[in-house]
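Asks: Chain Z is already provided as a structure; the job is to place chain S on it using the hints.
Number of protein chains: 2
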Amino acid sequence: MDLVVGIDIGGTKTKIGLVDGHGNCLDQTFFRTREYPDLGEYQDQIKTNVDELLSKLDFTPTILGCGIGAPNASSKRGTIENAANLAWKGTVPFLEKFKEKWNVPMRIMNDASAAALGELLFGRGKEMTDFIAITLGTGFGAGIVANGHLIDGYDGFAGELGHVDMTIGDGRLTGLGIAGGLEAYVSATGLKRTILYMQSQYLDESRFRSIAYNDLHGEEITQAAEEGDEIAIKAFDYTAKIMAQALANFTAFTQPEAFILMGGLVNSGKWILDPLERYLNQFLLKVYRGKVKILESGMEGKTAAICGAAALIWEEHR
Amino acid sequence: MDLVVGIDIGGTKTKIGLVDGHGNCLDQTFFRTREYPDLGEYQDQIKTNVDELLSKLDFTPTILGCGIGAPNASSKRGTIENAANLAWKGTVPFLEKFKEKWNVPMRIMNDASAAALGELLFGRGKEMTDFIAITLGTGFGAGIVANGHLIDGYDGFAGELGHVDMTIGDGRLTGLGIAGGLEAYVSATGLKRTILYMQSQYLDESRFRSIAYNDLHGEEITQAAEEGDEIAIKAFDYTAKIMAQALANFTAFTQPEAFILMGGLVNSGKWILDPLERYLNQFLLKVYRGKVKILESGMEGKTAAICGAAALIWEEHR
Numbered sequence: 001m002d003l004v005v006g007i008d009i010g011g012t013k014t015k016i017g018l019v020d021g022h023g024n025c026l027d028q029t030f031f032r033t034r035e036y037p038d039l040g041e042y043q044d045q046i047k048t049n050v051d052e053l054l055s056k057l058d059f060t061p062t063i064l065g066c067g068i069g070a071p072n073a074s075s076k077r078g079t080i081e082n083a084a085n086l087a088w089k090g091t092v093p094f095l096e097k098f099k100e101k102w103n104v105p106m107r108i109m110n111d112a113s114a115a116a117l118g119e120l121l122f123g124r125g126k127e128m129t130d131f132i133a134i135t136l137g138t139g140f141g142a143g144i145v146a147n148g149h150l151i152d153g154y155d156g157f158a159g160e161l162g163h164v165d166m167t168i169g170d171g172r173l174t175g176l177g178i179a180g181g182l183e184a185y186v187s188a189t190g191l192k193r194t195i196l197y198m199q200s201q202y203l204d205e206s207r208f209r210s211i212a213y214n215d216l217h218g219e220e221i222t223q224a225a226e227e228g229d230e231i232a233i234k235a236f237d238y239t240a241k242i243m244a245q246a247l248a249n250f251t252a253f254t255q256p257e258a259f260i261l262m263g264g265l266v267n268s269g270k271w272i273l274d275p276l277e278r279y280l281n282q283f284l285l286k287v288y289r290g291k292v293k294i295l296e297s298g299m300e301g302k303t304a305a306i307c308g309a310a311a312l313i314w315e316e317h318r
Numbered sequence: 001m002d003l004v005v006g007i008d009i010g011g012t013k014t015k016i017g018l019v020d021g022h023g024n025c026l027d028q029t030f031f032r033t034r035e036y037p038d039l040g041e042y043q044d045q046i047k048t049n050v051d052e053l054l055s056k057l058d059f060t061p062t063i064l065g066c067g068i069g070a071p072n073a074s075s076k077r078g079t080i081e082n083a084a085n086l087a088w089k090g091t092v093p094f095l096e097k098f099k100e101k102w103n104v105p106m107r108i109m110n111d112a113s114a115a116a117l118g119e120l121l122f123g124r125g126k127e128m129t130d131f132i133a134i135t136l137g138t139g140f141g142a143g144i145v146a147n148g149h150l151i152d153g154y155d156g157f158a159g160e161l162g163h164v165d166m167t168i169g170d171g172r173l174t175g176l177g178i179a180g181g182l183e184a185y186v187s188a189t190g191l192k193r194t195i196l197y198m199q200s201q202y203l204d205e206s207r208f209r210s211i212a213y214n215d216l217h218g219e220e221i222t223q224a225a226e227e228g229d230e231i232a233i234k235a236f237d238y239t240a241k242i243m244a245q246a247l248a249n250f251t252a253f254t255q256p257e258a259f260i261l262m263g264g265l266v267n268s269g270k271w272i273l274d275p276l277e278r279y280l281n282q283f284l285l286k287v288y289r290g291k292v293k294i295l296e297s298g299m300e301g302k303t304a305a306i307c308g309a310a311a312l313i314w315e316e317h318r
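Protein sequences appear in the order of chains Z and S. Under our numbering, read the first sequence as residues 1 to 318, first letter to last. Under our numbering, read the second sequence as residues 1 to 318, first letter to last.
Hints are all accurate, no fakes.
Facing chain S, a subset of chain Z residues (Cβ under 8 Å, in silico):
id, residue
1, F157
2, F253
3, V287
4, K291
Here are the simulated lysine-lysine pairs, DSBU-like style, with alpha carbons at most 35 Å apart:
id, chain 1, residue 1, chain 2, residue 2
5, S, K241, Z, K293
6, Z, K291, Z, K270
7, Z, K286, S, K97
8, Z, K234, S, K241
9, Z, K270, Z, K192
10, Z, K101, Z, K76
11, Z, K291, S, K293
12, S, K241, Z, K89
Quick look at which bits of chain S chain Z covers, simulated, 3 or more residues with Cβ under 8 Å:
id, region
13, 154-163
14, 244-252
15, 283-289
None of these hints come from the bench; they were simulated from the model. Don't be surprised by glycine CBs; every beta carbon is placed ideally from N, CA and C.
Chain Z extracted, bound-state conformation (with noise of 0.2 Å):
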């Protein structure tokens, strides 16, 4: 049986699966990625996590590659570059120097790239040719495929859109310093500045003015909302509208068929769903209403990050 490795490297977890042709995810481990700040004991420990998964196994598989999705990387160079939240600081060489210590067909991606390719593989993207995923965690991330083909870059950047200024002008500052970026508004993070705001701009009363930034917690705004909290309700119809008018934007850009959704903003189902597909639709261009879809994914939330970097290596099977 022929199987992919899939790792997902994440600020806090590392995670590491085997996947067959068809996105399932047969097991998975992980460990704490903060625990290996050397680059090679990391390496060294993802490739003992993948022994472990494979001697588990009843059987003896093919193994066709591995494929990693990780903030940063660049898909053209093998690297993962400047990340915020892993400890290689620089340019690191991550496929070069993971290859002296396993030999497989190894690719690298962006993690919000790997993720739209594992739709188009396996997921809700199977049937279009033209779309764009979209993770709402700690930040905003973004996988363009147009022409049935992820997109790329000139050398393997695209889609960084979690850092698209949305104000000519003043706004709020990334993560990566850049004033009204996206990200800063359009996350779990982005919503719980908003909470802040919301309660500078308003009067109403709201459980959130007894809870300090630092110990709030995103399910407490989807539960405040369900419950009433009028600075919940604010936050959210505020961040939709923003993010509305950023699908919007991106409708000009490559005109997808469908946004796909996942992360953990979209874990507040309607609250957030229904104000933006309200407001994108009075947003869009008339040529484009009525031609775009708002999709939740279509993978699951436990192995999609892992299915996506799989789909790296699965997509040159196809």
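Replies: Just chain S now, kept in the frame of chain Z:
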């Protein structure tokens, strides 16, 4: 000898030319679009012009087909839809009707996308796989090439970047009523509007204080800048800054190797290009800095649109 007929449908002129496989326009002609408000008569007039061009040749070519560039054209449906500057309203089944009159292979595409295809086959884009061609005329048009292919979009309306909203909140209205739309700032028309805006914001003396908006011509603004007119210089700077912001955002999308600029505003030369380069470098994400070129089109101005239209057919014979 194989030739393609290239047709550029503009609000003012319809240009028709014969183009060889190297992008040379052997001969061309034009007529005034508004003189033929009836679609059937308009298409008859095109055919008459084509026959005239062909009869003047001293050899008998093989016509491979006819490529057409037009505003608001859908490449996938062969239609022109709600084009503000054309007499035909609603959705016009242009190709279907034209094929009844002339039975050759035909394609139609948004004019800016056709221009991008022209650059890809015959111009500055020949050696590139990822670039964005931008036309800066009355409006702001764009054609996006990624992975070596033009991005069409789900139903052929990709690249409408002139209507991207650059503001959260208020902004100038475009001709399509989009508040904050890019082309309300960055285009020959946008520059004229900015000449008014700068007079409203600053007290500098300027030749434009005695010229009404309707009497104002783009070339005059360049000339005024040459002569040290502060309002003109400030207007170019403002235009370049917003354009740089837009190009920085576009870079985050498909990470082009270059932006290829064409159209009237580019004739202002250093007055627009110098501040554009400076601001772009300031606004680009670090990961993109020093990797994005600003180029002027390599196509000859007079025939660029015709050759771009012809590229739609030549693309299929590469």
